[in-house]
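Asks: My request is simple: use the sequences and hints to build the entire structure.
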Amino acid sequence: MILARVLSAVPQAWPVRLEIARAIQTLAKQILEDERRRLEKIASEDCGRDPVAEAYREFYQKHSKAGFREDQPRWPKGSGRRSGRWSGGAGLAAGRIISARLRGGHHYVPKEIFAKLLLKSETRRVFEDAVTGKLAPGAHGWDIEHRAYNKAVESLLNTFMREKDITAEDMTPDDAREFLGMVRRSSNPLIRDFNQRLRP
Amino acid sequence: MTPKRMTPEEDRQYDEQLEVFVRLRDRIDEFLEQHGRPDTLLGLGDYSAHDDFRGTPQVKVSVGNLELLRPFIVYQLQKIVQDFPGWEIVYAVAVDGHFDDWPSMGLYIRPHEIIDGLQRQYFPKEYQSIEYAGARRGTESD
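Chains L and F, in that order, are what the protein sequence lines are. At position 137 of the first sequence the residue is numbered 731 (our numbering), and the sequence of numbers has no breaks. At position 102 of the second sequence the residue is numbered 1362 (our numbering), and the sequence of numbers has no breaks.
In case anyone wonders, no lab produced these hints; they're calculated from the structure. A hint or two may mislead.
Covered stretches of chain L, going by a simulated chain F footprint (3 or more residues, C-beta under 8 Å) [said to hold, decoys possible]:
1. 719-733
2. 747-758
3. 785-791
Looking from chain F toward chain L, a few residues come up when the C-beta cut is under 10 Å (computed) [unchecked claim]:
4. Pro-1298
5. Thr-1300
6. Asp-1312
7. Gly-1315
8. Thr-1316
9. Tyr-1351
10. Val-1355
11. Phe-1359
12. Tyr-1382
13. Pro-1384
14. Glu-1386
15. Arg-1396
16. Arg-1397
17. Ser-1401
For each residue, glycine too, the CB sits at the ideal point set by N, CA and C.
Replies: What follows is the structure, given as C-alpha cells:
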C-alpha cells in the first residue's frame, strides 16, 4: 500500500524520471567525494584508539603514501635499468584516477611533474586538489606553452625550497599551500598567462 | 563571460572521455618512461605527458629530447593510440633552450595516420633525416 503510494508520487513521464535519476547520480557523486575527503582526513590525523580509523589509516598509508601500485611491473634483470625497481608510473595509485575523474582540469602545479616525487601524502593531496575544474573546450596544438609552464613552476619551486632550506620530501601541506599561492599570484608571464588562458 | 553550463548528458560524456584520457595518458607515460626521463618538479627531463584534459580526444606530449622522435618510438605510440579509436597524440617539440627561436612544430599521431609537421632544418644534422613511413606532411591546423 505504502509502496504503491510512493510509486505513484514519482512522475511517470520518462524525461522527468531521467532527470530525477541524473540528479540522484549527481548527489551520490558529491556524497562519495565528501566521504573520500573524510576518510583522507582520518588517514592524515592521529586516530587515537578508534580501530576502524586506525585500520583505514594503515591501509591508506600502505597503498597511497608509499606511492606505488601492487600490480605495477618491475624492471627485469638485464633491461638496462636497476632490476626490481618499479618500471614506471610510480605514484599513480588508483586514487589518482578517482581524483582526475571527479575533478579534471588544469593543476596549478602540473600533476605530471609532482606525481612521481616522494611527497608526503597530505602534501600531495594539496597539489592534487589545486585544480581549475573542467577546462574551456579547445584543441591542443604544437606550442611549447605547457613545457615552458613546467619549467617556470619548477624554477619557482627550487627557489622556494632553497629559501626554506627544505627538500621535496620535507615539504609539509602548509609549505605546499604557500607555494601554490606563489604560483597563483605569480607575475611571471609564462605562469600567469597560461593559467589565465586555461581558466574555464 | 560566464561559461555555458553543461547539460547532464554532456556532463556524463565528459566524465567518460576523461576516464579514457587518463588511461591513454598513463599508457603513453609508462611507455615513454622506458626511453627517457619525465619532467618533474625537480627539473626538466626528456618529455612531459600533460595531464590537462580539454574536452577533446587528445593527449598532449611535449618532447624535449629529439631522440624521442625516432621512428620506432613514434610507431610504438601509434600502436598505443590504436587501442583508443578516435583519439590522437599531439606530439609537440619543446626543446629547452629553443622555446623562443624554434617555431611550433610536431606530429599528430593518430590510429590510422601520422601527420608530420616537423621543421627539420632547425634540428642538428643527425635528426634531419628522420622520416615516418606513410606519414603525410601537415600543419598544426590538420
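Asks: Against chain L, with CB atoms and a cut of 10 Å, does the hint on F:Tyr-1382 hold up?
Replies: The hint is violated - F:Tyr-1382 has no Cβ within 10 Å of chain L, the shortest such distance being about 13 Å.
Asks: Please verify that hint: F:Arg-1396, Cβ, nearest Cβ of chain L, below 10 Å or not.
Replies: violated, 16 Å
Asks: Tell me if the interface restraint on F:Gly-1315 is satisfied: Cβ within less than 10 Å of some Cβ in chain L.
Replies: holds, 4 Å
Asks: Grab the minimum C-beta distance from F:Pro-1298 to chain L and call the hint holds if it beats 10 Å, violated otherwise.
Replies: Holds: closest Cβ of chain L sits about 7 Å from F:Pro-1298, inside 10 Å.
Asks: Hint validation: F:Tyr-1351 versus chain L, beta carbon distance must be below 10 Å. Holds or violated?
Replies: holds, 8 Å
Asks: Check whether three or more residues of the stretch 747-758 of chain L sit with their beta carbon closer than 8 Å to a beta carbon of chain F.
Replies: Since three or more residues must qualify, the claim that chain F covers the stretch 747-758 of chain L holds, with 4 doing so at under 8 Å.
Asks: Using 10 Å as the Cβ threshold, decide whether F:Pro-1384 counts as touching chain L.
Replies: The hint is violated - F:Pro-1384 has no Cβ within 10 Å of chain L, the shortest such distance being about 18 Å.
Asks: A closest beta-carbon separation below 10 Å is what the hint needs, so does F:Thr-1316 meet it against chain L?
Replies: holds, 5 Å
Asks: Holds or violated: is there a CB of chain L closer than 10 Å to the CB of F:Glu-1386?
Replies: violated, 22 Å
Asks: Just to be careful: measuring from the Cβ of F:Phe-1359 to every Cβ in chain L, is the smallest value less than 10 Å?
Replies: holds, 5 Å
Asks: Hint validation: F:Thr-1300 versus chain L, beta carbon distance must be below 10 Å. Holds or violated?
Replies: holds, 5 Å
Asks: Confirm or reject the coverage of the stretch 719-733 of chain L by chain F under the rule of 3 or more residues with a beta carbon closer than 8 Å to the chain's beta carbons.
Replies: With 6 residues close enough to chain F, the hint holds.
Consistency with the previously given hints fails for numbers 3, 12, 13, 14, 15, 16, ordered from lowest to highest.
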